[in-house]
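**Q** Below, each chain spelled out in residue letters.
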Amino acid sequence: MSTRAHIALAVLVALAIFVIIRLVRRRHLKAKYSLLWLTLGGFMVVIAAVPGLLDWTAARLGIYYEPTLLILLGLALLLLIVMHFSYELSRMENRVRTLAEESAILRHRVAALESGGSPSNGTDGTDAPGTAPDGTGAIGP
Amino acid sequence: MSNTGPSLAATQHTTDRILVIMPAFNEQEALPATLAGLHATALPLDVVVIDDGSIDDTAAIAAANGAVCLQLPFNLGIGGALRTGFRYAVESGYRRGIQFDADGQHDPEQIAALLAPLDEGADMVVGSRFAGAGAYRVGRSRGIAMNILRWAIRRLAGQRFTDTSSGFRSFGPDVLAMFAKEYPIEYMDSVEALVMACRAGFDVREIPTVMHERSGGVASNRSFRLAYHYVRVLVSLANTPKVRRRPDAAGAPA
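If you read the protein sequences in the order shown, they are chains V and C.
Going by my numbering, the final residue of the first sequence carries number 141, and the count climbs one at a time with no gaps.
Going by my numbering, the final residue of the second sequence carries number 254, and the count climbs one at a time with no gaps.
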């Protein structure tokens, strides 16, 4: 790559790292996610700092047009990051669902307690007096 | 059952009774008749209606008609609503559950028949629309789709079912415990749940039942959406792990 391209790259990388660190310091970004991006940044720093590195590696790998290597590596890393997000998202959705289910059950139990009944369906006589027959769900004999 | 026993609120009341688990999304029109129908049976039934983020008066109407109502804060889909019901059943100490539609397509008179195999050792019973009784008809493309699924399920479950998507089912305590922890969440959950139960080693049976045509509303099956879920279900079925979750016969409660 040309010297000008390298300077542009270095500026971009410096800017990106600055933004990431700022976001983490302000707690807008969880540290575990920042690590991902900082790794990507560190990677780019190396490429920007050692001008011959990319060309040399590309030549070793038999890549004739050197910038392709940069794009290839970038894509690979982005793919990993996106996969990581899918994983996190699935986990989060599971947790939200479980919380929603839990909240529905607890809401019922709280309402039953507040109305002076038993939080269970119990109507077997050991529960607090005044358990209303309605609100227990019992409809059979 | 020792590790998955009821955690709270188990009473004599709940262990002897049967919990009807009824997911409901905007079912205020159908609910009173459906609940009245359950009322009319001679069985010791309790009903829990899971209001899956309805925007109508489903919750109030369920409570007014003698059901426990669990209100989800937002729409989870039928799988999430069912799992809420299973969890409620286990936490409250019920040992038998019935999955029952709110829209009135299931017949309360057939619950007794659905429960009978549980007494003979079955863990889960599916009420089939196609196993002989009744004259429930589906469209042609839907029929073909169901045939493909039926084939895939026969391979995976090692057992033949005539109606894999029926939502009229009964469950024993061990299946309730499994589904309280883990239940398929997306559309066509019933198919996945059936395979899950079979692959976990449970005794799953099928009995013929008669079902009513849907009284109101249109079944929400647009073809693209159906096709997507089709592929998704086939993929996830293929990935259902074969894990023995059924307790040993010696340790299983009668």
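A portion of the hints provided could be inaccurate.
[Stated by the list, open to error] Below, computed lysine to any residue pairings styled on SDA-like, alpha-carbon distance capped at 25 Å:
| # | chain 1 | residue 1 | chain 2 | residue 2 |
| --- | --- | --- | --- | --- |
| 1 | C | Lys242 | V | Arg91 |
| 2 | V | Lys32 | V | Leu15 |
| 3 | V | Lys30 | V | Glu93 |
| 4 | C | Lys181 | V | Arg107 |
| 5 | C | Lys181 | V | Leu15 |
| 6 | C | Lys181 | V | Lys30 |
| 7 | C | Lys242 | V | Leu36 |
| 8 | C | Lys242 | V | Ser90 |
| 9 | C | Lys181 | V | Thr98 |
| 10 | C | Lys181 | V | Leu89 |
| 11 | C | Lys181 | V | Met92 |
| 12 | C | Lys242 | V | Lys30 |
| 13 | C | Lys181 | V | Lys32 |
| 14 | C | Lys181 | V | Val110 |
| 15 | C | Lys242 | V | Arg107 |
| 16 | C | Lys181 | V | Arg91 |
[Said to hold, decoys possible] With the Cβ distance kept under 8 Å, some of the chain V side facing chain C (calculated, not the full set):
| # | residue |
| --- | --- |
| 17 | Arg97 |
| 18 | Ala100 |
| 19 | Glu101 |
| 20 | Ser103 |
| 21 | Ile105 |
| 22 | Arg107 |
| 23 | His108 |
Hints were generated in silico from the structure; no laboratory data involved.
For clarity, every value in this text was computed on a predicted model and none was experimentally measured.
Note that beta-carbon positions come from the ideal geometry of N, C-alpha and C, so glycine has one too.
**Q** Are the Cα positions of Lys242(C) and Arg91(V) separated by 25 Å at most?
**A** 22 Å, holds
**Q** Within a Cα-Cα threshold of 25 Å, do Lys242(C) and Leu36(V) meet the stated pairing?
**A** 36 Å, violated
**Q** Holds or violated: Lys181(C) with Val110(V), Cα cutoff 25 Å?
**A** 22 Å, holds
**Q** Starting from Lys181(C), check that the Cα of Lys32(V) is at most 25 Å away, please.
**A** Roughly 29 Å separates the two Cα atoms, so the pair is violated.
**Q** Is the interface hint satisfied for Glu101(V)? The criterion is a beta-carbon contact with chain C at less than 8 Å.
**A** 4 Å, holds
**Q** Between Lys30(V) and Glu93(V), does the CA-CA distance stay at or below 25 Å?
**A** Judged against 25 Å, a Cα distance of about 18 Å means the pair holds.
**Q** Given the hint that Lys181(C) pairs with Arg91(V), does the C-alpha gap stay at or below 25 Å?
**A** 15 Å, holds
**Q** Is the straight-line distance between the alpha-carbon of Lys181(C) and that of Leu89(V) 25 Å or less?
**A** 20 Å, holds
**Q** Taking the least C-beta to C-beta distance, is Ala100(V) closer than 8 Å to chain C?
**A** 5 Å, holds
**Q** Run the distance test for Lys32(V) versus Leu15(V): straight-line Cα separation, threshold 25 Å.
**A** Satisfied, since the Cα-Cα distance of roughly 20 Å is no more than 25 Å.
**Q** Using 8 Å as the Cβ threshold, decide whether Ser103(V) counts as touching chain C.
**A** 6 Å, holds
**Q** Tell me if the straight-line CA distance from Lys242(C) to Ser90(V) falls inside 25 Å.
**A** 22 Å, holds
Checked against the numbered hints given earlier, this structure breaks hints 5, 6, 7, 12, 13 and 15; the rest are met.
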